[in-house]
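Novice: Chain by chain, the residues:
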Amino acid sequence: MRIRFGVFVVRIKLLRALLFAIVVALGSVLGTQVSFAGEAVFSPVPGYPVAPQIKLLDMDGKQVDLEKLRGQVVLVNFWATWCPPCRREMPSLQRLWKKLEKSNLHIVAVNVGEDADTVLSFMGILDISPTFPIVFDKNSAVLRAWPVRGLPTTFLIDRKGHIIYRAIGGRDFDSPESIALITKLLASK
Amino acid sequence: MALSRVLAQALSVVAFIAIPAIAADSRATIQHTVDQKTNIETWQLQDDGVEVLLIQISPDQARGFFLARGFKRVDVDYYAASCVFATVVKNQSSAPISYRLADWRYAKPGGAPRKLKLKEDWLREWKQRGVSQSARIAFEWSQHPDAQTLEPNDWNQGMTTYQVPHGSRFDLIVKWKRGAKNYEDTIRSIRCAD
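Chains A and B supply the protein sequences, listed in that same order. Residue numbers for the first sequence follow my numbering, so the first one is 668 and each next one is one higher. Residue numbers for the second sequence follow my numbering, so the first one is 24 and each next one is one higher.
Bound conformation, chain B alone:
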């Protein structure tokens, strides 16, 4: 009896240790956190070894960042009118993944899905608006790549933008591919910083 009790306790300890590690890769989970000091909100999606992280960037943070990179006030105001998120994609699986932001969609509640405004779209506008080359270079490399292939343990960070009012909410459909398998997840009720 003592043996079976000890064995049962030991197995439960092993199970407690092992199950979360297995389950984390077998289903999509989304976590929403709020930084207690800064009130910055973060959404973290995990699905089959891939992590997508969206971290709020406030309009003031966006303005400050690009003013320091040589943008004029009128241009940073134009950019900061969009909803900006620091966007991280991590490949923690054992096989390469690829994705294109052109495949992602976002939608306001009850609204139709919309394409993201991509880096190339912004760069075209900056050129038309006469933004300096050095500022455009900083902009280009600070934005999330339009397309990327990540080997195991690779990750990328960069800004993505959404044309929704500050303080409003939207859903984001993220897509990626591993081999022949396509993945699609929706992060719901993401709040645009104000």
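The shape of chain A in the complex, shown without the other chains:
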């Protein structure tokens, strides 16, 4: 009995050790993917170029001027309603905005080539409608001044008005990694 019990104890210990090894191995495989996905929400922009001008009207006909936001951290998102990844990421931008609005994050979503009616129709089908400013670049003149080759493209602008991060393609903007990066930026002087 004692021997059998002893063997049983040894086996339990062995199984625990092996289970631990499996969990570590599984964690390293999955963890690599998770951290990889998270750390690349934004990529640094070499040279930190000065953000081109944005001076456009919002849904209410009120002018939004990026220059006037100098001294603030601004997320600029170029999008269109017909662009599937743009549509998918919009709710995550709103969630990000709700989480960091009080920390003084500004979001400017630049709609490319459409009008207010089209955007309003799109917002009507969203569970969470954006409350951050959406401005209209009807002739895409503003878009062409920015380093954008496809939609959606998103930029993070620092307090000095420089583009410091960029994301091409749809993202989950309220992911913990994204929030951590933007919070860090907001904490910087």
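Honestly, I wouldn't trust all of these hints.
To be verified - Calculated lysine to any residue pairs in the SDA-like style (CA-CA distance at most 20 angstroms, straight line):
1. A:Lys805 / B:Lys204
2. B:Lys200 / B:Arg50
3. B:Lys113 / A:Arg754
4. A:Lys805 / B:Ala158
5. B:Lys113 / A:Arg755
6. B:Lys113 / B:Thr209
7. B:Lys204 / B:Leu68
8. B:Lys138 / B:Lys200
9. A:Lys805 / B:Phe88
Honestly, the hints are just simulated from the structure, not real lab data.
Take the given structure of chain A and dock chain B to it, following the hints.
Specialist: Leaving out everything else, chain B in the frame of chain A:
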């Protein structure tokens, strides 16, 4: 004996978990899938952390999309006569990649490789055909960029066109670059939607 058996089983579990993650980055794979509900066919190439996805767009879908963006019927018919694919390029590797659609080629079986008709080519034609500026803007940004650099986890989606008959098949040679290394893969027997 019991120990070695348990150890062997555990290692096989670890190997089962770990090997696909390593192998996925070490060789090109191409998957062809058909959506059971819509019959839309998709080709997915994966090579060393880069994914190229081609999703069929039917002539009716192409017509509907551009009619809703201010194109005239005659112009959408002209566009829809081409074979249209939603084309996605994703960089899931840890280093930037760059590519130019001008470097890609497509060929019908037994045919010579041809260059893709690029966004700039279309835009020139639309201007000549008197397509409105707002429609041209929608067109421009709905097409896959002619050239792009993607940082890790960046991806781009947009339409690409091929001058082959609907329902016919062609091979597509895709190329991209990571640092000094050039990549080239062929996605074979892509079927143009009809």
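Novice: With reference to the structure, classify each hint as holding or not holding.
Specialist: Results of checking the hints against the structure:
{"no.": "1", "hint": "A:Lys805 / B:Lys204", "in the structure": "violated (40 angstroms)"}
{"no.": "2", "hint": "B:Lys200 / B:Arg50", "in the structure": "holds (16 angstroms)"}
{"no.": "3", "hint": "B:Lys113 / A:Arg754", "in the structure": "holds (18 angstroms)"}
{"no.": "4", "hint": "A:Lys805 / B:Ala158", "in the structure": "holds (11 angstroms)"}
{"no.": "5", "hint": "B:Lys113 / A:Arg755", "in the structure": "holds (17 angstroms)"}
{"no.": "6", "hint": "B:Lys113 / B:Thr209", "in the structure": "holds (17 angstroms)"}
{"no.": "7", "hint": "B:Lys204 / B:Leu68", "in the structure": "holds (18 angstroms)"}
{"no.": "8", "hint": "B:Lys138 / B:Lys200", "in the structure": "holds (18 angstroms)"}
{"no.": "9", "hint": "A:Lys805 / B:Phe88", "in the structure": "holds (19 angstroms)"}
Going down the numbered hints, you'll see the structure goes against just number 1.
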